[in-house]
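Work out the full structure: start from the sequences and follow the hints.
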Amino acid sequence: MVNPVFIIVVLLGAGFLLGLFRKTGISLARVAGLLALAFPLYVSVGWMLHFIGQTAQPYVVYTAGTVPPFSINLRMGPDEAFLTAAINMLGFFGFIYLFRLFKSQGVSTIILYLVLFMGLNVIVMTRDIFNLFVFLEIASIALIGLVLVNKGIDALSAGFKYLIAVSVISSILLVGIGFIYYYSGTLNIDGFIENNSLVMKGLSTAVFLVLVAVVLELKAFPANGWALDVYQSAHPGISALISAGTATASLFVLYKLLPFGGHLWLQVAAVIGLVTFVGSNMLGIAQKNANRLLGYSSVGQIGLLVAVIGFSDDLGSHLRMIFFGLFISHFLSKAGLFWLSGMAGEEEISKWSVLRKKPALLLIFGMFVFSLIGFPPFPSFYGKWQLVMDLSGNGQILWIALILLGTMFEGVYLFRWLGFAIKHEVDESKAPDTAAEKMIPAGAFALLLLGASWVSNAYFPGAMKTSFLPLYFILFLFLIDFLPLVIKNTLSILSLGYYGWRLYPSIQDDTLRLVFAGIFLIGGMLTLFAGYSEKGKRPGFYPFALMMYAGLIGLVEADNLFGFFFAWELMTMGSYILIIRGKKSLVHAYNYMLFSLGGALLILFGIALTVAGQPDISLSMLASPAYPGWAYALLAVGFLTKTAALGLHIWLPGAHAEAESDVSPMVSGILLKAGAFGLVILFLAMGGGEAGRHPLLYALGWLGALTALGGNLMAVFQEDAKRLLAYSSVGNLGYILFAFSFMTHIGWLTGLTYSINHFLFKTLLFLAIGGVVMRVKTHNMYEMGGLIKRMPWSFIAVLVGIITLAGIPPLSGFAGKWLFYNAVIAKGWFLQGALVFFAGTIAFLYCFKLIYSVFLGQEKDRFRKVKEAPVWYIIPQFILIVGIMIFSARPEIVLKPIGALLSQAAFFPSEPLAWENVTAYTNLGYWSGFNIMLVIGAMFVVLLGWLLLMSRKAQKVKQFNIVYAGEAPFTPETTHFSHNMFAPYNKALGFLIHPVATQFWLGVNNTFHALAESARKIYSGNGQSYIIHIVAYIVVVYLILS
Amino acid sequence: MEQLLDRIIAGFEAADIEKRKDGQVFFTVPKPKVLPLINHLKMFEGFRNLILMTAVDWIEDNQFQITYLLNNPDTKTDLGIRTFIGRDGEGMDSIHELWGHAATFQREMKEMFGIGFPGSPRVDEPFLLEGWDDIPPMRREFDTKKYSEETYFPRPGRETHDPATYMKQKLYPND
Amino acid sequence: MNLPGIEYLSLGLGIVLFLAGLWGIIHQKNIIKIIISFSVLDTSIHLILVSIGYMRNRTAPIIDSAVSKTDAASQVVDPLPQALVLTAIVIGVGITALMLTYALKLFNEKGTLEIDKFKSLKW
Amino acid sequence: MELATKTGFVLLGLFIILNWGLIMAGIIRKIIARASMRRGISVFQPYINLIKNYSIRSQLTHGVMFYLGPVFRLSGGVGIFLFMPLIHDSEIWSNFSFAGDLILIAYFMFFGMLGMALGAGEGGHPYSAIGISRGLAQFTAIEVPLTLAILSIAFQYNTLSISEIVARQQGGILNWTLFTNPLATIAAMISFLGAMGHAPFNVVMAPQENPIGPPTEYHGTFLGVLQTNRAILHVIESVLFMNLFFGGASNWFELIVKTFFIYFWSVFVGMVFPRFRVDQSIPWLLKIPVLIGILSIVFILL
Amino acid sequence: MPEDNVKYPAEDQSLSPVNRKRVVIGPEGEDILVDPLRDYYCTARPEPELPRQGIIEKFMNWARAESLWVLGFGTGCGSIEIPPLLSPRYDAYRFGVAMRPTPRQSSVIIISGYLSVKTLKRVIRSYEQMQNPKFVIALGSCTINGGMYWDSYNTINRLDHYIPVDVYIAGCMPRPEAILAGFNKLKQRIKEGRGEGANDYIKNLDWYKANQKKIIKDWNMPDYNW
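Protein chains in written order, with this note's numbering: chain A, 816 to 1857; chain B, 181 to 355; chain C, -11 to 111; chain D, 18 to 319; chain E, 693 to 918.
Just so you know, these hints were derived from the structure itself, not from any lab.
Beta carbons: idealized from backbone N, C-alpha and C, even for Gly.
Keep in mind that a hint or two might mislead.
Take a look, some chain A residues computed to stay more than 10 Å from chain D by CB distance [to be verified]:
| hint | residue |
| --- | --- |
| 1 | Gly828 |
| 2 | Val1086 |
| 3 | Gly1643 |
One-sided excerpt, in silico: chain E residues whose CB lies under 8 Å from chain D [as the list claims (entries may be wrong)]:
| hint | residue |
| --- | --- |
| 4 | Glu741 |
| 5 | Ala755 |
| 6 | Arg756 |
| 7 | Glu758 |
| 8 | Pro776 |
| 9 | Asp783 |
| 10 | Arg786 |
| 11 | Gln823 |
| 12 | Ala902 |
| 13 | Asn903 |
Written out as structure tokens, the structure reads:
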């Protein structure tokens, strides 16, 4: 191993030597600088590798040949090795990023750059507090010098404010150091920690001054206005250094010095960190400038890391892992994002759509954003998970709430930004700067992020290692994205099939999982099938579609809570990208993501309250949570966001309606079942029979009933076919929730039957309507009409779909209704039951509107030549129809095993539903799907024959051959009765669908925006007020502490 | 009433004043004065209501008479305003902007008499006579009997009498 | 005579100067004055450092004829704070220089040294 | 029992029901006429109308769904008949009620409605669609009190099997649901008014404003099929209410008498009251009858 | 229809705008030529539906005669005489007469008084939309020979030149008793098997159409209104 002191030597030496170069030698100087930076990278990485996998003693460098306290010593332990490696990585790639800039700036800038990194390295390694101060100052000076590369008043004034603030802070630090020396007689950190048992009165003030200065260096909220200005105005390459580099070093300083303060200061750090995390992210909500936004985000993330350090007592042995996860995500993503900002060349976040011109950049951007929020498989996901688990284990519930709140705020602005990048209209005249020297660092960091993800996953305790197969396949799909669509689609379908085949033996005996796995996999294959009709290569579709399916299957496959949550987040991520692909999906996808993120955070919270630090995280833990009431409520609400229960439903209609034709069935027919599956898992854990009489269930039952009513009622008044179906999904998920809330054997059978049916008919309907929409290029039903003649196959599909939806015998929808009645009467929930039934009759209204307005009535001129929907849409539809027919005629094939499963002792031991051949019996009634089908079929054929016999010569007429009071119809448009079809109904019951939920969420949104807008006014831009903030901050912290 | 008439006579050259009954007066004004007069009546004299517009074909004088019947619901007075225009394609100014329903009267007059009302909405569309291609049927030079006989397959065997002579014969056979 | 020791005096003076400097940074509007205030602040820290390293009745930590090498430990004041002060002075000079550079550039850009005028970045 | 015999009896039952439906319609119209001091139609006029419609020579069709609409409609009516036990404790006249219970019948009513709606929809006539939209809208509200009543009696008798419900009402008039659960009966009988399509709930077909609504385009044989269905449906729905609330029937005579009075109830109300608009009838139905229905459940639960 | 999606070809200005051929832009941006008279209406020529022979036809005719469903279409002043017909005093129901609001379900159309050319067009449409067999009762002298409007430029004189008439009821106006008598006459006619006006109309369609087109100048409908 190379002695780490050579890092200083080389960097300092190179700095001095470079001074000899003239302007003409700038090219050589740049190469020399790069080489000089490569050396510390080599050294620190070497040390890092040295420490990996073995418990080697830290290597200590003693300067001046003596031991402390008489000399300064540097230490190279595992922590230092890792951090210097990270910093030098940043230094190396940051240098590449600035390569062209250096040419115009001259040698002095390179020297500053080298000095900065020397400073940062020493800050990490040194164990001497005064030395620390000196190098902090050196690094600051170098950095402020670097800020000057951006000309203009903004950078200048920001740099000056930064300078003043840093000077004041370091003055305080110096005073503190002086007093520490005075009281303890040593400047060596280790030495001080050893003797701080003799804490004196004055010492605590000294420690206070030192630590508060360090905290302020870390830009504690709200005394951080000076840093934000620099983030915003400095060259993005420099901002990246501040955000990732100096912050890293400062964090380690805090970590080194925090033991000074003892336990008290750990708590203080935790509070300060979390306040910073939440506060800064909240103010970020109102921010529109990309670099400043990154500044807010940086401050917030650093706050979170500070808090993690503050929690180090609670986290124990997990500290390093958590810190690693959160830190590396922040480090790589934030540097990468600043670099991307330089490449995009746009200040306004809405203009980042320019990235779309280089899909690779967009991909990297997305990776960074997802990793910042903590989505799998990025390291922060693991970190956040473990952090939350450990905190709950120590009863720090409030802290968890704050962390999740801050994450939510972060999600609000980051996803708005990502959405803009993916979907906002793009200025054609601009293009991102994709010079090689800029692409290399960003790309390298993205790859490092993937590597770090792999590392996190590989070394995370309890990570589900088997599930990496889908992730590799998704990666593979990214790599083959340039191939034609047919290949990718076929591969995707085959992979789903293969996975199902592979999965089958393991869930064979678990009918419940089998049903959901069937929905996810078969549904996935069928909906992907429709993709063959797409033209072009459909870039970026398949990886995310498969990501969603991988998540869905992961849910089924998961045997522990971590795996479940991992899959849940994976699914959310994939589905978000799928949804945002729609033409007008920007806002809707954003809504979807916010609700999903909120839901996911609640689920995480719920899991944390369930597990509460215990090592066992298997799903069975849900049966005995540490905090049952809160855990169940949070989990339930979390799942309900996905099932779009009333109040949480406002994202659904837009997201489902504006998605692409074949994405709508994926997200509606299939994805919603994820929420249902979550509820199943949750309710099962709550215990069957009498044990399951949780008051929460009663509330959920009512919620389900109201959701059914609200969703269906809103569907009735839609003019947009897909929106109608989307609202119908809301209603149907209400039924499912209602049925599951029964917590009886038959109630669950109802719920599962509804789930299967909803999958079958909603996928069918969305595919059929999607095919129609594809042909007629409009969603408005009143613009269509008479399409039965052009699209007879689609018509049949919709007909079967709505008969199933409405629950009309003989099709399988009736099975659900029949079970439902039995369940309601057995349970005694009459009022709710009647409400749900009312909702069911309302479904007729929109069913009729859907099929009539689109397929019947008057044909419009514009659509006289439309063709039948693509055959790739028709085939899956008819496969689904066959499925419906089988399920209708022989429901016992599915229901019998489910019933057997549910009657296991753990669930609902009584078995009220008995099967005798094809007839189902309960103690209330009976029903025989097969006989009904037989009788109705025979009767129908006979009657049809009778009518055919009687009117065999009927003359086929055309659309205007109708009686019109002696007149002729004017135009098809004026004759097609469709727009606002249920106006009287609206007059009678329209008051029920007053958009309360929308207004509520708008209100929440506006409140937080207004709050952020007014709160961020404290960053007045005046350098002096920033100093006042600093002073006031010190005073306030001091007062609180004493 | 009298003052009103005085004002009209003084201001709008009304002549030929004919008091039919209480509160109902007909008079004639020259064509250019019609619109100002009607405007005045509507705006200042309270004649809010256009009861009807009609036309008479004075083929002997080679002119059409157009009659506007206005009503003041407050004073319960009706004014019949007559004016004369030439029969040969001379149009009349439209008053559809004062009363929307005037357009319908004007459309009918255009169809039945061929009197043009430039600017009146839908004035050229058929009103009662869909696809009429002859001269306007209410013009007196149009021989309706001849047209009917030529067009509508008269049932043979119908006896027709001149009402005047026939009734005279019937009622006063001795005269 | 029981006067307070010189070290307390200088420490007190240092703290007063520190506060004065801070007040100056916060209160003065002119950038040059702010920089001067910072210098005051900086100096006050040096004073504080020196005063906390002072030991009564001892001499400067210079080993020469007056103080022999052997009894230096009992006769001189703690040399470390003075060494620290030396370093701090150097750094202070560096920072002040940088500040002045900034002041010059700011003046060139905008023609004013009022710190209130440099508020283009905020929120 | 053998399938052939069963089918034979089912067809016989259908024949009886159809004829009774036609005659009942005639009798009731005769009664109405006499009440308004008219001689009125012949009792057999419905037969003549039916024969007339089946003997119309020319037909025209707007498309496949237009053709299938009446088939669906008649299937709905006949289907309810097929799944309905007619006579108490009679294996012969229980039809195919072994295939499903009350819920099946309640939902099978939608089958015909939906088919009719689609058939009329393909006719392309706006009045059809207007009528259907009104009908469906009103129907949602009509079904709510009925549902509450069904829930109430299902809970009361702890069964959903119609035969079982009838069996439980045997043994004297006071055992009828009418007396054991009067509130449910009231709620259901108000629903019945709506289901029969007489005033005040007949805005669907209101000839004065919306010429007869859905079947505007139907004629000849199609109309004949619809009329056949109407005759069956009126009787069979009365049979349903008879079975649920009025003690069922132990022989055909009892069935005929009871259905007559049950059906007459709707006609009677229809003669007396004016017509609701849709936006009036829905709030009304959702207020008073629903309240009665809820009370009936509360009553049973206590 | 969105106006910018519709283009009218330059020729073809004689028809009313609704019935003109036009080019519409389809969803894929393709041009679609729409000829309303051909695309909206069935252009098939009707065929006579000949009666069956023997007892079946007699039975059917009896049913047709005993169930006369009248289209509620009042053409002239005579329609004021129809409502009393249904009142308790005259009670036409007892003869099997009932009103239907749609021609599809009606078998009788009553031309109740004078027919202007404009109304005639609607009558023809309604009549053709009724199903075979169908019957026409003409009320009042106006339908017989023009009545008091015999020399009007806009009122037809003889209805039987435009649609086949089964029964004329003379009078100006005939009272309800007379109309009842007319109904009975019609019944008798149907039972005798003479109520074949619908087939006559189709057999002589060209003659009827020529007469109709002679006076209906803007014939903007298909030749036969199914």
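Which hint numbers doesn't this structure obey?
3, 8, 12, 13
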